[in-house]
Amino acid sequence: MGSWQRLLRLGGTSLLGGGGAAALLGGRRVLVCRRQLSGADSKTMEQRRVQIMARGLPKQRPIEGVKQVVVVASGKGGVGKSTTAVNLALALAANDSSKAVGLLDVDVYGPSIPKMMNLKGNPELSQSNLMRPLLNYGIACMSMGFLVEETAPVVWRGLMVMSAVEKLLRQVDWGQLDYLVVDMPPGTGDVQLSVSQNIPISGAVIVSTPQDVALMDARKGAEMFRKVHVPVLGLIQNMSVFQCPKCKHKTHIFGADGARKLAQTLDLDVLGDIPLHLNIREASDTGQPIVFSQPESEEAKAYLRIAVEVVKRLPPPPA
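Quick note on numbering: this note's numbering labels position 163 of the sequence shown as 163, and the sequence is numbered without any gaps.
These aren't lab readings, by the way, just hints derived from the structure by calculation.
Please note that a few of the clues may not be correct.
Said to hold, decoys possible - Straight-line Cα separation of at most 27 Å, DSS-like style, residue types lysine-lysine; simulated pairs:
1. Lys76 x Lys250
2. Lys220 x Lys59
3. Lys248 x Lys76
4. Lys220 x Lys99
5. Lys301 x Lys261
6. Lys246 x Lys167
7. Lys312 x Lys301
8. Lys59 x Lys120
9. Lys76 x Lys301
10. Lys99 x Lys167
11. Lys76 x Lys261
12. Lys59 x Lys227
13. Lys301 x Lys246
14. Lys227 x Lys167
15. Lys115 x Lys167
16. Lys99 x Lys301
17. Lys220 x Lys120
18. Lys261 x Lys227
19. Lys250 x Lys67
20. Lys261 x Lys67
21. Lys248 x Lys115
22. Lys67 x Lys99
23. Lys227 x Lys312
24. Lys76 x Lys167
25. Lys248 x Lys220
26. Lys167 x Lys59
27. Lys67 x Lys248
28. Lys248 x Lys167
29. Lys250 x Lys261
30. Lys99 x Lys120
31. Lys76 x Lys246
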(Lines of atoms letter the chains of each structure in order from A; the text may use other names.)
(Lines give C-alpha, C1' and ligand atoms only; values in the text may rest on other atoms or scores of the structure.)
Protein backbone atom coordinates (compact mmCIF):
# COMPACT_ATOMS: atom_id res chain seq x y z
CA MET A 1 0.00 0.00 0.00
CA GLY A 2 1.38 3.40 -0.95
CA SER A 3 2.04 6.16 1.60
CA TRP A 4 -0.80 8.34 0.38
CA GLN A 5 -3.13 5.35 0.69
CA ARG A 6 -2.09 4.84 4.32
CA LEU A 7 -2.87 8.51 5.03
CA LEU A 8 -6.41 7.90 3.84
CA ARG A 9 -6.98 4.99 6.20
CA LEU A 10 -9.42 5.76 9.04
CA GLY A 11 -9.91 3.18 11.78
CA GLY A 12 -9.26 0.31 9.41
CA THR A 13 -11.66 1.73 6.85
CA SER A 14 -10.42 2.67 3.44
CA LEU A 15 -11.67 6.01 2.14
CA LEU A 16 -10.44 5.46 -1.40
CA GLY A 17 -12.79 6.07 -4.23
CA GLY A 18 -14.26 8.98 -6.12
CA GLY A 19 -17.49 10.21 -7.63
CA GLY A 20 -19.44 7.31 -9.14
CA ALA A 21 -16.72 4.79 -8.26
CA ALA A 22 -17.14 1.79 -6.00
CA ALA A 23 -15.17 1.96 -2.73
CA LEU A 24 -14.48 -0.67 -0.10
CA LEU A 25 -15.60 0.50 3.34
CA GLY A 26 -15.18 -1.97 6.24
CA GLY A 27 -15.45 -4.97 3.90
CA ARG A 28 -18.68 -3.72 2.29
CA ARG A 29 -19.02 -2.27 -1.18
CA VAL A 30 -20.79 1.06 -1.30
CA LEU A 31 -21.26 3.57 -4.00
CA VAL A 32 -19.54 6.89 -3.25
CA CYS A 33 -21.07 9.66 -5.27
CA ARG A 34 -20.91 13.41 -5.28
CA ARG A 35 -23.87 15.61 -5.87
CA GLN A 36 -24.27 19.28 -6.27
CA LEU A 37 -26.12 20.86 -3.38
CA SER A 38 -29.37 22.50 -4.33
CA GLY A 39 -29.89 26.16 -3.57
CA ALA A 40 -32.09 25.36 -0.54
CA ASP A 41 -29.57 22.86 0.86
CA SER A 42 -26.73 25.31 0.40
CA LYS A 43 -28.65 28.05 2.19
CA THR A 44 -29.50 25.72 5.07
CA MET A 45 -25.87 24.68 5.48
CA GLU A 46 -24.74 28.32 5.45
CA GLN A 47 -27.26 29.22 8.14
CA ARG A 48 -26.12 26.26 10.21
CA ARG A 49 -22.47 27.32 9.83
CA VAL A 50 -23.26 30.84 11.00
CA GLN A 51 -25.13 29.48 14.04
CA ILE A 52 -22.24 27.22 15.02
CA MET A 53 -19.70 30.02 14.63
CA ALA A 54 -21.85 32.42 16.63
CA ARG A 55 -21.85 30.08 19.63
CA GLY A 56 -18.09 30.41 20.02
CA LEU A 57 -17.90 34.17 19.50
CA PRO A 58 -17.53 36.55 22.44
CA LYS A 59 -20.37 38.95 23.05
CA GLN A 60 -19.54 42.43 21.77
CA ARG A 61 -19.39 45.16 24.40
CA PRO A 62 -18.78 48.81 23.58
CA ILE A 63 -15.78 50.59 25.04
CA GLU A 64 -16.91 52.76 27.92
CA GLY A 65 -17.29 56.38 26.87
CA VAL A 66 -16.49 55.80 23.16
CA LYS A 67 -19.22 56.60 20.62
CA GLN A 68 -17.63 55.33 17.40
CA VAL A 69 -14.63 53.12 16.62
CA VAL A 70 -12.79 53.38 13.30
CA VAL A 71 -10.10 50.79 12.61
CA VAL A 72 -7.25 51.47 10.20
CA ALA A 73 -5.89 48.25 8.73
CA SER A 74 -3.72 46.89 5.96
CA GLY A 75 -3.12 43.51 4.48
CA LYS A 76 0.66 43.84 4.80
CA GLY A 77 3.19 45.97 6.61
CA GLY A 78 5.14 48.87 5.18
CA VAL A 79 2.28 50.59 3.38
CA GLY A 80 1.98 53.56 5.76
CA LYS A 81 -0.90 52.31 7.91
CA SER A 82 0.29 53.84 11.19
CA THR A 83 1.14 57.17 9.56
CA THR A 84 -2.36 57.18 8.09
CA ALA A 85 -3.97 56.33 11.44
CA VAL A 86 -2.14 59.14 13.22
CA ASN A 87 -2.96 61.77 10.61
CA LEU A 88 -6.55 60.55 10.28
CA ALA A 89 -7.08 61.00 14.03
CA LEU A 90 -5.61 64.51 13.87
CA ALA A 91 -7.68 65.33 10.78
CA LEU A 92 -10.91 64.21 12.46
CA ALA A 93 -10.17 66.58 15.34
CA ALA A 94 -9.06 69.41 13.03
CA ASN A 95 -12.19 69.21 10.88
CA ASP A 96 -14.48 69.52 13.90
CA SER A 97 -12.96 70.98 17.06
CA SER A 98 -16.04 69.98 19.04
CA LYS A 99 -15.21 66.29 18.62
CA ALA A 100 -13.00 64.40 21.08
CA VAL A 101 -10.69 61.91 19.36
CA GLY A 102 -8.56 59.07 20.71
CA LEU A 103 -5.91 56.86 19.13
CA LEU A 104 -5.39 53.23 20.15
CA ASP A 105 -2.37 51.28 18.95
CA VAL A 106 -3.00 47.52 19.06
CA ASP A 107 0.05 46.66 16.95
CA VAL A 108 1.59 44.84 19.90
CA TYR A 109 4.77 43.65 18.17
CA GLY A 110 5.58 46.93 16.41
CA PRO A 111 3.95 49.92 18.16
CA SER A 112 4.65 53.12 16.22
CA ILE A 113 2.23 55.58 17.80
CA PRO A 114 4.49 56.69 20.69
CA LYS A 115 7.20 57.91 18.32
CA MET A 116 4.85 59.44 15.77
CA MET A 117 2.87 61.26 18.46
CA ASN A 118 6.02 62.25 20.39
CA LEU A 119 4.91 60.55 23.58
CA LYS A 120 6.86 58.70 26.27
CA GLY A 121 6.20 57.46 29.75
CA ASN A 122 3.95 55.09 31.62
CA PRO A 123 0.21 55.70 31.87
CA GLU A 124 -1.13 56.79 35.23
CA LEU A 125 -3.90 54.83 36.91
CA SER A 126 -7.31 56.26 37.70
CA GLN A 127 -9.14 55.70 40.99
CA SER A 128 -10.91 52.79 39.35
CA ASN A 129 -7.52 51.25 38.46
CA LEU A 130 -7.81 52.00 34.74
CA MET A 131 -4.94 53.33 32.64
CA ARG A 132 -5.19 56.96 31.60
CA PRO A 133 -4.19 57.65 27.98
CA LEU A 134 -1.27 59.97 27.26
CA LEU A 135 -2.23 63.21 25.55
CA ASN A 136 -0.56 65.20 22.76
CA TYR A 137 -1.84 67.47 19.99
CA GLY A 138 -5.27 67.16 21.57
CA ILE A 139 -5.41 63.39 20.93
CA ALA A 140 -5.67 60.81 23.74
CA CYS A 141 -3.30 57.93 22.94
CA MET A 142 -2.74 54.42 24.27
CA SER A 143 -0.17 51.93 23.01
CA MET A 144 1.76 48.88 24.09
CA GLY A 145 4.79 51.09 23.47
CA PHE A 146 3.98 52.94 26.70
CA LEU A 147 4.13 49.71 28.69
CA VAL A 148 7.44 48.24 27.48
CA GLU A 149 10.94 49.61 26.91
CA GLU A 150 11.32 51.38 23.58
CA THR A 151 14.10 49.06 22.40
CA ALA A 152 12.76 45.87 23.99
CA PRO A 153 11.23 43.32 21.61
CA VAL A 154 7.86 41.89 22.53
CA VAL A 155 8.63 38.17 22.41
CA TRP A 156 5.24 36.76 23.30
CA ARG A 157 3.12 33.86 22.24
CA GLY A 158 -0.44 34.26 21.07
CA LEU A 159 -2.17 33.99 24.46
CA MET A 160 -0.03 36.74 25.97
CA VAL A 161 -0.68 38.98 22.96
CA MET A 162 -4.43 38.43 23.25
CA SER A 163 -4.30 39.23 26.95
CA ALA A 164 -2.47 42.48 26.19
CA VAL A 165 -5.04 43.42 23.54
CA GLU A 166 -7.86 42.73 26.00
CA LYS A 167 -6.24 45.09 28.51
CA LEU A 168 -5.83 47.81 25.88
CA LEU A 169 -9.51 47.45 24.97
CA ARG A 170 -11.02 47.16 28.45
CA GLN A 171 -8.64 48.71 30.98
CA VAL A 172 -8.24 52.24 29.62
CA ASP A 173 -10.13 55.27 30.88
CA TRP A 174 -10.87 57.17 27.66
CA GLY A 175 -13.26 59.62 29.25
CA GLN A 176 -15.78 60.68 26.59
CA LEU A 177 -14.72 60.22 22.96
CA ASP A 178 -16.61 60.85 19.74
CA TYR A 179 -14.09 58.84 17.67
CA LEU A 180 -11.52 56.23 18.61
CA VAL A 181 -9.11 55.48 15.76
CA VAL A 182 -7.52 52.04 16.14
CA ASP A 183 -4.19 51.31 14.47
CA MET A 184 -4.39 47.58 13.74
CA PRO A 185 -1.40 45.33 13.10
CA PRO A 186 -0.90 44.27 9.48
CA GLY A 187 -2.47 41.04 8.28
CA THR A 188 -5.62 39.09 9.13
CA GLY A 189 -4.67 37.22 12.29
CA ASP A 190 -5.77 36.76 15.89
CA VAL A 191 -5.56 40.42 16.92
CA GLN A 192 -7.76 41.59 14.06
CA LEU A 193 -10.35 38.91 14.79
CA SER A 194 -10.28 39.56 18.54
CA VAL A 195 -10.80 43.31 18.15
CA SER A 196 -13.54 42.80 15.55
CA GLN A 197 -15.42 40.27 17.68
CA ASN A 198 -15.08 42.00 21.07
CA ILE A 199 -16.13 45.58 20.35
CA PRO A 200 -18.67 47.14 17.97
CA ILE A 201 -16.76 48.79 15.12
CA SER A 202 -18.38 51.59 13.15
CA GLY A 203 -16.15 51.08 10.13
CA ALA A 204 -12.83 49.87 8.79
CA VAL A 205 -10.44 51.77 6.53
CA ILE A 206 -8.02 49.73 4.41
CA VAL A 207 -4.65 51.29 3.54
CA SER A 208 -2.63 50.07 0.56
CA THR A 209 -0.06 51.24 -1.93
CA PRO A 210 -0.98 50.83 -5.62
CA GLN A 211 1.49 47.94 -5.88
CA ASP A 212 0.00 44.59 -6.92
CA VAL A 213 1.63 42.70 -4.05
CA ALA A 214 0.16 45.10 -1.47
CA LEU A 215 -3.24 45.06 -3.16
CA MET A 216 -3.46 41.27 -2.95
CA ASP A 217 -3.20 41.48 0.83
CA ALA A 218 -5.44 44.55 1.04
CA ARG A 219 -8.16 42.53 -0.63
CA LYS A 220 -7.79 39.81 1.99
CA GLY A 221 -8.09 42.42 4.72
CA ALA A 222 -11.28 43.84 3.25
CA GLU A 223 -12.79 40.37 2.86
CA MET A 224 -11.89 39.48 6.45
CA PHE A 225 -13.80 42.48 7.82
CA ARG A 226 -16.78 41.59 5.68
CA LYS A 227 -16.78 38.05 7.06
CA VAL A 228 -16.92 39.35 10.63
CA HIS A 229 -19.63 41.88 9.67
CA VAL A 230 -17.54 45.04 10.04
CA PRO A 231 -18.48 47.73 7.50
CA VAL A 232 -15.58 48.62 5.20
CA LEU A 233 -15.73 52.38 4.65
CA GLY A 234 -13.28 52.32 1.76
CA LEU A 235 -9.67 52.19 0.61
CA ILE A 236 -6.91 54.76 1.00
CA GLN A 237 -4.30 54.70 -1.76
CA ASN A 238 -1.05 55.61 -0.02
CA MET A 239 2.21 56.57 -1.76
CA SER A 240 0.16 57.08 -4.90
CA VAL A 241 2.62 59.31 -6.74
CA PHE A 242 6.05 60.86 -6.24
CA GLN A 243 6.79 64.37 -7.44
CA CYS A 244 10.43 65.34 -7.88
CA PRO A 245 11.08 68.42 -5.69
CA LYS A 246 13.43 69.87 -8.35
CA CYS A 247 11.86 69.26 -11.74
CA LYS A 248 8.29 68.57 -10.46
CA HIS A 249 8.04 65.47 -12.65
CA LYS A 250 5.53 62.95 -11.27
CA THR A 251 6.39 59.25 -11.12
CA HIS A 252 4.08 56.41 -10.06
CA ILE A 253 6.74 54.38 -8.27
CA PHE A 254 4.34 51.71 -7.02
CA GLY A 255 2.04 51.75 -10.02
CA ALA A 256 -0.92 53.91 -10.97
CA ASP A 257 -4.47 53.60 -9.62
CA GLY A 258 -4.13 50.04 -8.38
CA ALA A 259 -6.29 50.76 -5.32
CA ARG A 260 -8.97 52.30 -7.51
CA LYS A 261 -9.16 49.17 -9.63
CA LEU A 262 -9.35 47.00 -6.51
CA ALA A 263 -12.07 49.22 -5.06
CA GLN A 264 -14.17 48.73 -8.18
CA THR A 265 -13.73 44.97 -7.92
CA LEU A 266 -14.83 44.99 -4.26
CA ASP A 267 -17.57 47.56 -4.81
CA LEU A 268 -15.88 49.97 -2.39
CA ASP A 269 -15.01 53.66 -2.47
CA VAL A 270 -11.54 55.17 -2.60
CA LEU A 271 -11.49 57.63 0.26
CA GLY A 272 -8.49 59.50 -1.10
CA ASP A 273 -4.90 59.42 -2.34
CA ILE A 274 -1.83 60.24 -0.25
CA PRO A 275 1.32 61.13 -2.22
CA LEU A 276 4.76 59.70 -1.50
CA HIS A 277 6.33 62.84 -0.03
CA LEU A 278 9.43 63.49 2.05
CA ASN A 279 7.54 65.87 4.32
CA ILE A 280 5.17 63.14 5.51
CA ARG A 281 8.05 60.83 6.44
CA GLU A 282 10.09 63.53 8.17
CA ALA A 283 7.12 64.81 10.13
CA SER A 284 6.27 61.31 11.36
CA ASP A 285 9.86 60.50 12.33
CA THR A 286 10.21 63.71 14.35
CA GLY A 287 6.95 63.15 16.20
CA GLN A 288 5.16 66.08 14.60
CA PRO A 289 2.57 64.62 12.22
CA ILE A 290 2.02 66.63 9.09
CA VAL A 291 -1.63 67.43 9.78
CA PHE A 292 -0.49 69.17 12.97
CA SER A 293 2.84 70.65 11.90
CA GLN A 294 2.02 71.66 8.31
CA PRO A 295 -1.79 71.96 8.15
CA GLU A 296 -1.72 74.16 5.02
CA SER A 297 0.39 71.73 2.98
CA GLU A 298 -1.16 69.72 0.17
CA GLU A 299 -0.18 66.53 1.96
CA ALA A 300 -2.07 67.56 5.13
CA LYS A 301 -5.08 68.61 3.07
CA ALA A 302 -5.21 65.11 1.57
CA TYR A 303 -5.67 63.64 5.06
CA LEU A 304 -8.24 66.28 5.94
CA ARG A 305 -10.29 65.39 2.86
CA ILE A 306 -10.09 61.70 3.74
CA ALA A 307 -11.37 62.42 7.26
CA VAL A 308 -14.40 64.15 5.73
CA GLU A 309 -15.09 61.10 3.57
CA VAL A 310 -14.76 58.76 6.56
CA VAL A 311 -17.28 60.74 8.62
CA LYS A 312 -19.72 60.78 5.69
CA ARG A 313 -19.76 56.98 5.62
CA LEU A 314 -20.01 56.33 9.33
CA PRO A 315 -23.39 55.24 10.67
CA PRO A 316 -25.08 57.61 13.15
CA PRO A 317 -23.52 57.31 16.61
CA PRO A 318 -25.62 55.60 19.28
CA ALA A 319 -27.85 57.91 21.26
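Tested hints:
As the CA atoms of Lys76 and Lys250 are separated by approximately 25 Å, the hinted pair is consistent with the 27 Å bound. This hinted pair checks out: Lys220 and Lys59 have alpha carbons roughly 25 Å apart, not beyond 27 Å. As the CA atoms of Lys248 and Lys76 are separated by approximately 30 Å, the hinted pair breaks the 27 Å bound. In summary, the hint linking Lys220 to Lys99 is not supported, as the alpha carbons are separated by about 32 Å, beyond the 27 Å threshold.
At most 27 Å may separate the alpha-carbon atoms for a hinted pair to count; Lys301 and Lys261 meet this at roughly 24 Å. With a CA separation close to 49 Å, the supplied pair Lys246 and Lys167 exceeds the 27 Å bound. Restraint check: the Cα-Cα separation between Lys312 and Lys301 comes to about 17 Å, which is no more than 27 Å; the hinted pair holds. Taking the CA atoms of Lys59 and Lys120, the gap is near 34 Å; set against the 27 Å cutoff, the hint is violated.
At most 27 Å may separate the alpha-carbon atoms for a hinted pair to count; Lys76 and Lys301 meet this at roughly 25 Å. Only pairs whose Cα atoms come within 27 Å are accepted, and Lys99 paired with Lys167 is accepted, the gap being roughly 25 Å. Using a Cα cut-off of 27 Å, the hinted pair Lys76 and Lys261 holds, with the two alpha carbons roughly 18 Å apart. Between Lys59 and Lys227 the CA atoms are separated by roughly 16 Å; this keeps the pair inside 27 Å, and the hint holds.
Proximity of Lys301 to Lys246 is assessed by CA-CA distance (about 22 Å); at most 27 Å being required, the pair is judged to hold. Taken as a hint, the Lys227 and Lys167 pair is honoured in the structure, with Cα atoms around 25 Å apart against an allowance of 27 Å. For a cut-off of 27 Å, the pair hint linking Lys115 to Lys167 stands: about 21 Å separates their Cα positions. For the hint linking Lys99 to Lys301, the alpha-carbon distance of about 19 Å falls within 27 Å, and the restraint holds.
Among the hinted pairs, Lys220 with Lys120 is inconsistent with the structure: their alpha-carbon atoms are about 34 Å apart, more than 27 Å. Restraint check for Lys261 and Lys227: the C-alpha separation of about 21 Å stays at or below 27 Å, so the hint holds. Taken as a hint, the Lys250 and Lys67 pair is broken in the structure, with Cα atoms around 41 Å apart against an allowance of 27 Å. Our distance criterion of 27 Å between C-alpha atoms is broken by Lys261 and Lys67, whose separation comes to about 33 Å.
Between the alpha carbons of Lys248 and Lys115 the distance comes to roughly 31 Å, so the proposed pair goes past 27 Å and is violated. Between Lys67 and Lys99, the direct Cα distance comes to roughly 11 Å. Compliance with the 27 Å bound is thereby established for this hinted pair. About 23 Å separates the Cα atoms of Lys227 and Lys312, which keeps this hinted pair within 27 Å; it holds. Between Lys76 and Lys167 the alpha-carbon distance is near 25 Å, which keeps this suggested pair within the 27 Å criterion.
This hinted pair does not check out: Lys248 and Lys220 have alpha carbons roughly 35 Å apart, beyond 27 Å. With a C-alpha separation of about 16 Å, the suggested pairing of Lys167 with Lys59 holds against the 27 Å cut-off. A hinted pair counts as satisfied when its Cα atoms are at most 27 Å apart, and Lys67 with Lys248 does not qualify at roughly 43 Å. A distance of roughly 48 Å separates the Cα atoms of Lys248 and Lys167; the hinted pair therefore is violated under the 27 Å criterion.
Taking the CA atoms of Lys250 and Lys261, the gap is about 20 Å. The hint holds against a cut of 27 Å. Using a Cα cut-off of 27 Å, the hinted pair Lys99 and Lys120 holds, with the two alpha carbons roughly 25 Å apart. Under the criterion of a C-alpha separation no larger than 27 Å, the hint pairing Lys76 with Lys246 is inconsistent with the structure, at around 32 Å.
In this structure, the earlier hints numbered 3, 4, 6, 8, 17, 19, 20, 21, 25, 27, 28 and 31 are contradicted, and the remaining ones agree with it.
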